[in-house]
Amino acid sequence: MSFTQGDDVIEECLDYRSEESREEILGKIETLISDLMAGVAETGLAAIRLSNRRAAESIRFDREKLHLTTRDAADTKPNIIGFPGPTILNSWRFAVLMRTLDIISESLTSGKVVTKRDIYYRETWLFRNQAIVDRIVDDIGRTLNVPRAALGIVAAQKGLACGTFCMHKKDGTLMAVEGEIQLIPPFEEIKSVDVMDIDFVLVIEKEAIFRSLCSSKFYNRADIGRSILVTGKGYPDLSTRQFISNIAACHPNTPLFGAVDSDPYGIDILCTYKFGSRAMAHENSHLTALKMEWVGVNVLEYEDGWTKLSVGDRKKALKMLSLPWMETETAMAMRLELQRMLFLGKKAEMNVVGTEAYSVITYLTQAIKIRLDALITH
Amino acid sequence: MSKQYFSTSLTPEAHPADIFCVETTSEYAITSSGNSTLKLWNAASNDHEQVLTINTAHRLGIHHVCANKELGLIAAVGFDGEISVWSLQDCSCRAVISDPKTAYWAARFSADGEFLAATSLDGGITVWNTASEDFEKCGELETKGSSGLAIDYSNDGRFIASGHENGGLYIFSTETARLLHSLPGHIKAVRAVSFSPLSKLLAAGGDSNVITVYDVTSGEQVFNLSGHSRWIMSLDWNFTGEYLLSGSFDKSLKIWSIEQTECVSTQTESDSAVWAAKWTKTAGTARPQGFVSVGIDKTVRWYREATGG
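In order, the protein sequences belong to chains A and B. Just add 628 to wherever you are in the first sequence, counting from 1, and you've got the working numbering. Just add 127 to wherever you are in the second sequence, counting from 1, and you've got the working numbering.
Do not rely on the hints blindly, as some may be mistaken.
[As the list claims (entries may be wrong)] In silico DSS-like cross-links for lysine-lysine, where the CA-CA straight-line distance does not exceed 30 Å:
#1 A:LYS693 to A:LYS819
#2 B:LYS271 to B:LYS315
#3 A:LYS936 to B:LYS327
#4 B:LYS315 to A:LYS947
#5 B:LYS378 to A:LYS943
#6 A:LYS919 to B:LYS425
#7 A:LYS944 to B:LYS327
#8 A:LYS786 to A:LYS693
#9 B:LYS425 to A:LYS997
#10 B:LYS315 to A:LYS943
#11 A:LYS944 to B:LYS130
#12 A:LYS944 to B:LYS228
#13 A:LYS943 to B:LYS228
#14 B:LYS228 to A:LYS936
#15 B:LYS228 to A:LYS947
#16 A:LYS997 to B:LYS378
#17 A:LYS936 to B:LYS378
#18 A:LYS944 to B:LYS425
#19 A:LYS943 to B:LYS130
#20 B:LYS315 to A:LYS936
#21 B:LYS327 to A:LYS947
#22 B:LYS130 to A:LYS947
#23 A:LYS944 to A:LYS786
#24 A:LYS997 to A:LYS845
#25 B:LYS378 to A:LYS944
#26 A:LYS943 to B:LYS271
#27 B:LYS271 to A:LYS936
#28 A:LYS797 to A:LYS845
#29 A:LYS943 to B:LYS425
#30 B:LYS196 to B:LYS425
#31 B:LYS271 to A:LYS947
#32 B:LYS130 to B:LYS425
#33 B:LYS327 to B:LYS196
The hints are simulated quantities; they were obtained by calculation from the structure and are not laboratory data. Predicted, not measured: the structure shown is a model, and the values here were computed from it.
Assemble the whole structure, with the sequences as input and the hints as a guide.
Written out as structure tokens, the structure is:
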């Protein structure tokens, strides 16, 4: 696969969607319903088998490709949602599932896209909270074995990007970003991202740090060059991950850096960009940016500003150390960082790095400069 | 009067991760690190080559290791909170000790090898009988301290000292299992405690960057040792009790004269934090006592005193 900025090649990068067309997916949903009706006729009981998206057994770490992926559906225990069920809770679950399938069918038929937020607001009394919708939508995607976007559902936007680049949208419009902060649009709306000749991409965990970098024009510097700055505002949503994954795939020679807090959650956020998330295991191959390099901050590099690792932080750090990718070479630096956090019982946040005279901006400039110089000498 | 030490040998990349702890016996230096292997190095030879490897099940890494030569036992504490005990003779695992309610942290054998004591993250101290078949628990000490980060047995077997994350510093009587002293002087974490060889003094150090030394009987603070610019990670008395060795997060090792109550040597060979340092225990007084240090640079570094010209 050669990487030029020709339209065809970028299309290929972007086309992570399943081959199945809208009709085919509608057909799958119809099959689900007709199976259910057949079940009712036979047993008087309506039941749907949902793939268990998050269950530990259903997710495995692909050691070759270095990302989380799913085991074949046949190997995993499905989650059966039936009606009438033994409790009100069961009946409610069934109603949630059916209404969601209904809304999905509707949007597929009409060609409109909906966000998970839209779905929630259709029947707040039924869904009760956003998390329920998020989960059921992903479970349906897993069961039908299609990416969520193929269901006509797009994410509500969260990620921000800044720098000089443009996005060609599928509706024909051009979004040119020239040094201002731009909301990353849902990936389904993007045809291609043109980053021109940038020297690196930097992903930052915290929005506050991102904004101060933008206002000081960190994306256009004489010493480290031009860049795109991105923040997922903490754990990145799908659109942000897709955006990064796409840039990484289409521009393999452009360095990609991640700067997070030196605490277990920061490291986890970096791992989400790099290796994928458990929730989206069935889509991870298109959502990861394995080459993302961790540039800090590093618990060792602080003068002061450490805080105590809480009991919850400690549990999280231990859990992370047990994850399969922590034993790989690519994760070594993060493994060491987690162990040092545990050994010292300390963590540190990015905005407190260094002394007063030595700010986050200086820290990041140095960290990036070292790595860019190293790349040149190779 | 200053002393001169120089590094006689070093083994870089001794482990693939940080080396968190080192223990010395007359035969070996034993190192534990962020991976699951314990390594034993020849303390007597000039090259200090690797002699043995013990593959433990501590997949998350091992942060503390201690040994008792008489018993021929090594105890390793993993980030998983468990203690595994190994026989030096055949590298077999003798016991695995764990408590679902808490995680163990620092461990030490008593000088005569009869007991193994360990601190835990809930602040308590547990003592086990090493003679019993499956390491029966024979004592539990409660402290008002938060996570116990450091522990030591006095050589005469009469005392246990523990240092805690909230600055708590305690001396217990092993005979009565009662608290003898709650020592003041630290409001930040105490990371290292060490009894002098004659069990008369206790040295403690941690995040205050200052080493405080107490009289064990009276509990009085007799003097301080200042000089490190960062947290003190490890303390060890030499066998005569004349010198104290400290390893610090400031990347240096310091040797302190107890008589002069001042620093007589500083070693700055490492370019990253020192996690632990111990005097060697090679028998025979013909050879001046040296020490070995480990840390973030994954290197095992041996030192000897420069004698004569």
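Going down the list of hints, with the structure as the test:
| no. | hint | verdict |
| --- | --- | --- |
| 1 | A:LYS693 to A:LYS819 | 26 Å, holds |
| 2 | B:LYS271 to B:LYS315 | 14 Å, holds |
| 3 | A:LYS936 to B:LYS327 | 33 Å, violated |
| 4 | B:LYS315 to A:LYS947 | 27 Å, holds |
| 5 | B:LYS378 to A:LYS943 | 29 Å, holds |
| 6 | A:LYS919 to B:LYS425 | 25 Å, holds |
| 7 | A:LYS944 to B:LYS327 | 42 Å, violated |
| 8 | A:LYS786 to A:LYS693 | 28 Å, holds |
| 9 | B:LYS425 to A:LYS997 | 25 Å, holds |
| 10 | B:LYS315 to A:LYS943 | 22 Å, holds |
| 11 | A:LYS944 to B:LYS130 | 46 Å, violated |
| 12 | A:LYS944 to B:LYS228 | 17 Å, holds |
| 13 | A:LYS943 to B:LYS228 | 13 Å, holds |
| 14 | B:LYS228 to A:LYS936 | 21 Å, holds |
| 15 | B:LYS228 to A:LYS947 | 16 Å, holds |
| 16 | A:LYS997 to B:LYS378 | 25 Å, holds |
| 17 | A:LYS936 to B:LYS378 | 21 Å, holds |
| 18 | A:LYS944 to B:LYS425 | 25 Å, holds |
| 19 | A:LYS943 to B:LYS130 | 45 Å, violated |
| 20 | B:LYS315 to A:LYS936 | 11 Å, holds |
| 21 | B:LYS327 to A:LYS947 | 43 Å, violated |
| 22 | B:LYS130 to A:LYS947 | 46 Å, violated |
| 23 | A:LYS944 to A:LYS786 | 25 Å, holds |
| 24 | A:LYS997 to A:LYS845 | 16 Å, holds |
| 25 | B:LYS378 to A:LYS944 | 28 Å, holds |
| 26 | A:LYS943 to B:LYS271 | 23 Å, holds |
| 27 | B:LYS271 to A:LYS936 | 18 Å, holds |
| 28 | A:LYS797 to A:LYS845 | 26 Å, holds |
| 29 | A:LYS943 to B:LYS425 | 26 Å, holds |
| 30 | B:LYS196 to B:LYS425 | 25 Å, holds |
| 31 | B:LYS271 to A:LYS947 | 28 Å, holds |
| 32 | B:LYS130 to B:LYS425 | 26 Å, holds |
| 33 | B:LYS327 to B:LYS196 | 23 Å, holds |
This entry does not satisfy hints 3, 7, 11, 19, 21 and 22, going by the numbered hints stated previously.
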